[in-house]
Amino acid sequence: MKRLLSIALLSFAATTAFAAADEFTLTIKDHAFEPKEITIPAGKKIKLLVVNKDATPAEFESKPLGREKVIAGNSTGTVNIGPLKPGRYPFVEEYHENDAAAQGTIVVK
Amino acid sequence: MFAAALIVFRESLEASLIISIMAAATLGIASRGRWIAAGILAGLAGAALVASSMGLISDMASGVGQELFNAGILILAVGMLAWHNIWMSIHGREMAAQAKSTARAIHDGSRERSVIFMVVALAVLREGSETVLFLYGLATSSEDGLRNTVGGGLSGLAAGLLVGGLLYAGLLRIPLRWFFSITGVFVLLLAASMASQAARFLIQADLLPSLGAPLWDSSGLLSQTSAAGTLLHGLIGYEAQPAGMQIVFYVAVVLAITAGMRWVNSRGPVRNSAQPA
Ligand SMILES: [Cu+2]
Chain A
1 MKRLLSIALL SFAATTAFAA ADEFTLTIKD HAFEPKEITI PAGKKIKLLV
51 VNKDATPAEF ESKPLGREKV IAGNSTGTVN IGPLKPGRYP FVEEYHENDA
101 AAQGTIVVK
Chain B
1 MFAAALIVFR ESLEASLIIS IMAAATLGIA SRGRWIAAGI LAGLAGAALV
51 ASSMGLISDM ASGVGQELFN AGILILAVGM LAWHNIWMSI HGREMAAQAK
101 STARAIHDGS RERSVIFMVV ALAVLREGSE TVLFLYGLAT SSEDGLRNTV
151 GGGLSGLAAG LLVGGLLYAG LLRIPLRWFF SITGVFVLLL AASMASQAAR
201 FLIQADLLPS LGAPLWDSSG LLSQTSAAGT LLHGLIGYEA QPAGMQIVFY
251 VAVVLAITAG MRWVNSRGPV RNSAQPA
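So the protein sequences, as listed, match chains A and B. Quick note on full-length UniProt numbering: the first sequence kicks off at 1 and runs consecutively. Quick note on full-length UniProt numbering: the second sequence kicks off at 1 and runs consecutively.
Among the hints, a few may not be true.
Unchecked claim - Residues on chain A that point at chain B, a partial pick, calculated with CB under 10 Å: (1) P35; (2) I38; (3) D54; (4) A55; (5) P57; (6) A58; (7) K63; (8) P64; (9) E68; (10) V70; (11) T76; (12) P83; (13) N98.
Simulated from the structure, these hints should not be mistaken for lab results. Ideal Cβ placement from N, Cα and C applies to all residues, glycine included.
Isolated chain B (complex conformation) (with noise of 0.2 Å):
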């Protein structure tokens, strides 16, 4: 009961930590509520159907498909992440300068929803499909049977769920003036450490080599499976004992985020948009 309520906290935090940063940086779109919603069910039915077909993904290309494919889940939500910061470097700034009602009338872009759809959708179907399996495993192994297992799993995913829903009612305290300038730090964040996680991937897919395994350990000053280290492992990547390449996937991703947000600024505001992005 324990450990599937702990298991499926881990999990969901991950993904509700994200969904949460995405419904904030996405202030002001219209239905965004929907896209959102949207993005859970197709990331748990895609996480019922990699969990059915775990098996088959890590036996392509030869043994280390499993690897390729959550590499290839984060590296596209990078992309999306990173592409929604950089426009929202200029659409960011105008909103902040107006009321958060007239934002949502100028801020409609068809594009801007599937990013947040896209974003929720991986972010669920990579941490549900371990969740679904584990779940499987338990209800079909365990003697406490299924009964314990759902009830375990269901306590997890309301905790998972709580902590994303204070992250987001804090996040909405922030005053309009910041408001953007620091949930697109959350999005840079969060970006980083999915391009770090997919680098981990790549490493134990032995196609990148590892730059020093760990490079440093820092798990003596705080613990990544403590509360702490969970959490900020899920907010902003931190690991205890990260591999050198991990950091150099980090760091190449916060440089070339901002690097963009930079440029698409200096060719100065987009007034009146004419195509609406």
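Looking at chain A on its own, in the form it has when it is part of the complex (with noise of 0.2 Å):
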């Protein structure tokens, strides 16, 4: 029923304006984070998709935001943000947390 219902709502998202959430996605390949900066809307929910192009598992992880999910190698992690008040939200891929390829800010205009 859930589910029936989260179609429906999709399907009408897709031909109206009203989006159920915007997506963004950010990519890891070679531990390093692509874009390093992903601007998001205040006060709305959004799905970050991270797409891990590496054979490796990638941990996505922030103490701001408050989020941590562990993607599997060449595989995608969906991570639900917001809403949020604007300001700027770092990020980094634990397992290579000391690279600066591996860090990234959320910037909430």
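Starting from the two chains in their separate frames, assemble the complex, guided by the hints.
The structure is reproduced here in structure tokens:
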């Protein structure tokens, strides 16, 4: 029932301006984030699709966002984010958090 | 090498603190050492299993399987800790009134042993699965190769166990009169901290509203990644930027367990309990 409802809502959302949740994509390749900065709207829920193109697992982690998610090798994880106040929210790939390439920021405007 | 040591230290510290508190809180229970060891082994086996099927778990429940799984483990552990504390609020007093050796005799419940086993296993499972994945990733990807990973991992593990051991030794120095009240407070805060983490996963799964995200930011005062912040996170669930819902869960668990302890106490002390609980 819930699934039916969400399918109905999604198809409704697809045909109107009423989007259920905006999606943003973040890619991990060779333990580096691309892009390093993602701008999202304030006060809204968004879905962050984290695409791990490496063969090894990665962990998207952000203490400011209160999020942590392990993404298996060559797969995509979805992280629900928001609603947030405007500001900068850093995140890291926890398994390589000391590498500059494995650090990024969500900018909320 | 350093990254491996640091990550394994952080994860093993959390599990090690939980194990130390449980070991202290169940002082006097016969063969508790064996049950702790069994819990660690079961937790490690579970962690390897979870790590190997992480992709599968993630894809379940429309992509929020991992969040539900983590929240489930944490809530189960909160339940076990709550039960332990409420039960101990009767027996702890008896035990405190008597010598440790006598306590050992009256305090021999099989249910309490299964609590030790479960809490330890769940803690190791939860913290261990991420570590296993990390070590696997590092061992297969880094040029430094397996040797450095294992070396770093082991030194991180040793450091984590050392801090846990120090806590345990410190708890043992508490006079017996206060002992079970103080370990009880530790267990209570541990349960509340796990509940708050469970709330965080349920927010991430979009099943709960965040009620303010974050509610406050004390990272300038005490960063969560600092040594003190990490320790406080493991002990009482300190977070520099918590969501409002996490605070609700934290407070609710503290109130519920305290109320449960008061309630069993108000029914009068159980003198010669017919059923060895
Ligand atoms: Cu952890």
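Checked hints:
{"no.": "1", "hint": "P35", "result": "22 Å, violated"}
{"no.": "2", "hint": "I38", "result": "17 Å, violated"}
{"no.": "3", "hint": "D54", "result": "7 Å, holds"}
{"no.": "4", "hint": "A55", "result": "8 Å, holds"}
{"no.": "5", "hint": "P57", "result": "5 Å, holds"}
{"no.": "6", "hint": "A58", "result": "8 Å, holds"}
{"no.": "7", "hint": "K63", "result": "6 Å, holds"}
{"no.": "8", "hint": "P64", "result": "5 Å, holds"}
{"no.": "9", "hint": "E68", "result": "8 Å, holds"}
{"no.": "10", "hint": "V70", "result": "6 Å, holds"}
{"no.": "11", "hint": "T76", "result": "9 Å, holds"}
{"no.": "12", "hint": "P83", "result": "7 Å, holds"}
{"no.": "13", "hint": "N98", "result": "6 Å, holds"}
Hints 1, 2, counting from the list given before, are not met by this structure.
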